[in-house]
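2 protein chains.
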Amino acid sequence: MIIDIHGHTNAPPSLYAYKSGLLSSRGAHGKGNPGVTEEAMANLVKNHLANNLDKVGTDIQFLSPRPFQLMHSEKPERIVHWFVEANNDAIATSVKLAPDRYRGVAGLPQCAGVPITNTFEEIDRCVNDLGFVGLMINPDPYEGDGTPAPGMGDEYWYPLYEKMCQLDVPALIHSASCKDPWDTYSNYFIAVETRCIISMVTSGVFDKFPNLKIIVAHGGGAVPYQVGRYRAFFVRQFGDTDGFDIQLKKFYFDTVLYNQEALELLFKIVGSDRCMFGTENPGTGTHKDAKTGRMLDDIKPTIDAIAEISEQDRKNVFEDVARKVFTRFKG
Amino acid sequence: MIIDIHGHTNAPPSLYAYKSGLLSSRGAHGKGNPGVTEEAMANLVKNHLANNLDKVGTDIQFLSPRPFQLMHSEKPERIVHWFVEANNDAIATSVKLAPDRYRGVAGLPQCAGVPITNTFEEIDRCVNDLGFVGLMINPDPYEGDGTPAPGMGDEYWYPLYEKMCQLDVPALIHSASCKDPWDTYSNYFIAVETRCIISMVTSGVFDKFPNLKIIVAHGGGAVPYQVGRYRAFFVRQFGDTDGFDIQLKKFYFDTVLYNQEALELLFKIVGSDRCMFGTENPGTGTHKDAKTGRMLDDIKPTIDAIAEISEQDRKNVFEDVARKVFTRFKG
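So the protein sequences, as listed, match chains A and B.
Take 24 as the starting number for the first sequence in our numbering and just add one per residue.
Take 24 as the starting number for the second sequence in our numbering and just add one per residue.
Worth flagging that the hints you see were computed from the coordinates, not collected in a lab.
No residue lacks a Cβ here, since even glycine has one placed at the ideal position from N, Cα and C.
Do not rely on the hints blindly, as some may be mistaken.
Unchecked claim - Stretch-level coverage of chain A by chain B, calculated; a stretch enters the list once three of its residues show a Cβ under 8 Å from a Cβ in chain B:
no., stretch
1, 44-51
2, 98-105
Said to hold, decoys possible - Cross-link-like lysine-lysine pairs, in silico, BS3-like; alpha carbons within 25 Å at most:
no., chain 1, residue 1, chain 2, residue 2
3, A, Lys291, B, Lys273
4, B, Lys311, A, Lys291
5, A, Lys186, A, Lys202
6, A, Lys291, B, Lys323
7, B, Lys272, B, Lys347
8, A, Lys314, B, Lys291
9, B, Lys272, A, Lys311
10, B, Lys272, A, Lys314
11, A, Lys272, B, Lys311
12, A, Lys311, B, Lys311
13, B, Lys311, A, Lys273
14, B, Lys273, A, Lys314
Produce the complete structure using the sequences and hints provided.
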């Protein structure tokens, strides 16, 4: 079975019209209706299944909200909550329309500067009521506006980690938009995900929460490539020469890297038992690679082409690790 | 010949005592004296040559100021100028003491929020009077304080690029400190260098300055590993499937990566003709690797161990590319 743990929302234009209204009214018009009904989404889901799953041989895709849309840094808090809920509802509708092909990964209504416990009601709704199998965390709800967000190793996040362990749900680390006018959100993903790993490693958060399951999107940002720098940093901080690699292997990673050399590096540095197939399809990589004639986010053939890994490595990546980590996924 | 293009200042404690005084007085005590004399530095240089060059077989090292010390974000502007000048003087003293073993790469007295032309007097002094062979640019003189710095593709930087072309000097891109309390300066290097490449690629700055020579430190940040993401981004922006790689090969890269897998990836993605040996020795990587028993920044044996590259590739990395790019280096 091919499980793609990194896909995003199917949604009609009404979802984004809803967001547009919330941003303009700042909630003055009330909660409103994002229109993510089965009727509005039936064709979308049919086309998505045909073009983004069947065409590339994906059996099941885990859907989370499209991160760059999530507007965590906007105020007041209620418009962020309403929009995240609407995204999670759209995901629930997709799962309802194709229960054998999708599972939900909940967006969190994170707001800059407020306690993380404010997301718990939505976590409970998604996991307990809607049957979602995981969460998605944005390490920077300020979305690059220049305000430093607490590092992922900071106590700010502990109540969330405790809740994740209680519910036994993993979380995908994936930043959202970026308000720095000289950066791009896609580039910022990499910076924030890198920072997340380093903050968690240096704070020893996995000692406090040994059952915490964190999946770092986009192949772990810059960390697998820059691992030598972080090994050296770790020796300096903790005097332990193997320490960084031991810590790094407490994380999981997706395969949202669009070329073979990078995937080879990822598997060598962290091991296939920490990697899960992810494509972000459709998304950033949905463009044709002139060299192969395939879409860049058609990652399975790229992994299949890696000669150095075993059949068990491939099975780890395509299925086994996801089944082990997403314990609420039965299928 | 083994040329290490990425080394940093030798300096006695008096240089950093000088900085401490400038920060406390904010310049009220006048320019003062950093004490980077030949007498104060003779033993330092002797030990540095023995431990950091001879021991690892480096013939010549290019010295730039130690970036995380440079305090570009401090005010008033004159204390930044004075401290950068003192660093460049310390480098000039090293070169004078061991003219066969060192060359200077000038730190720029960059200040957040003022024109880049304010650095030109110091550039002229270093290149024309002191014989320095290159420059070092910090893409974020705000040092991560939350203020967005103009992207390296922005017109803000054009006068500097014009000057670099006139003088025919290359620049090492290397960020400095980071004031974000939840980040580290070392991590921020990677984020800023990545952002630099993307900003320059998307702005077409190499079309405007075809002779501009930019060396991105630390193996290009995250870009070689995340190249698939940037290829896709480029197709989306410009509709050109080979475009990103063509642009990427307009940059040069150093080898300040401390493990073999990452160096292999770098050479595969950008080619040995765009890479220069650099170690940052002594620096972040000056810690023993338990696996090899060598220091992590003893990078030459790591490159020698790569079976897939040719003798010419090795010669490119260790000598030829540096000679081609640093045209003011004769030796």
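- Would you check chain B against the stretch 44-51 of chain A, counting CB to CB pairs closer than 8 Å, and say if three or more residues qualify? Per the Cβ count (0), the hint is violated.
- Under the criterion that the straight-line Cα-Cα distance not exceed 25 Å, is the pair Lys311 of chain B, Lys291 of chain A satisfied? holds (21 Å)
- Does Lys186 of chain A pair with Lys202 of chain A here, judged by a C-alpha cut-off of 25 Å? violated (30 Å)
- Would the pair Lys272 of chain A and Lys311 of chain B pass a check requiring their Cα atoms to be no farther apart than 25 Å? holds (21 Å)
- Below or equal to 25 Å on CA atoms is what counts here, so check Lys272 of chain B against Lys311 of chain A. This hinted pair holds, its Cα atoms lying about 21 Å apart.
- Message: What's the verdict on Lys311 of chain A and Lys311 of chain B, does the C-alpha distance respect the 25 Å limit or exceed it?
- Response: violated (44 Å)
- Query: Can the restraint linking Lys272 of chain B and Lys347 of chain B be considered satisfied, given a maximum Cα separation of 25 Å?
  - Reply: Between Lys272 of chain B and Lys347 of chain B the Cα gap is close to 15 Å, so the pair holds against 25 Å.
- Does Lys323 of chain B lie within 25 Å of Lys291 of chain A when you go C-alpha to C-alpha? Status holds; Cα separation ~21 Å.
- Straight-line alpha-carbon gap Lys291 of chain A to Lys273 of chain B, limit 25 Å: violated (29 Å)
- Task: Please count how many residues of the stretch 98-105 of chain A have a CB within 8 Å of a CB from chain B and say whether that reaches 3.
- Result: Per the Cβ count (0), the hint is violated.
- Item | Satisfaction of hint between Lys291 of chain B and Lys314 of chain A, Cα-Cα up to 25 Å | holds (15 Å)
- Item | 25 Å limit on alpha-carbon distance, applied to hinted pair Lys272 of chain B and Lys314 of chain A | Between Lys272 of chain B and Lys314 of chain A the Cα gap is close to 17 Å, so the pair holds against 25 Å.
Hint compliance for this structure: hints 1, 2, 3, 5, 12 are broken, all remaining hints hold.
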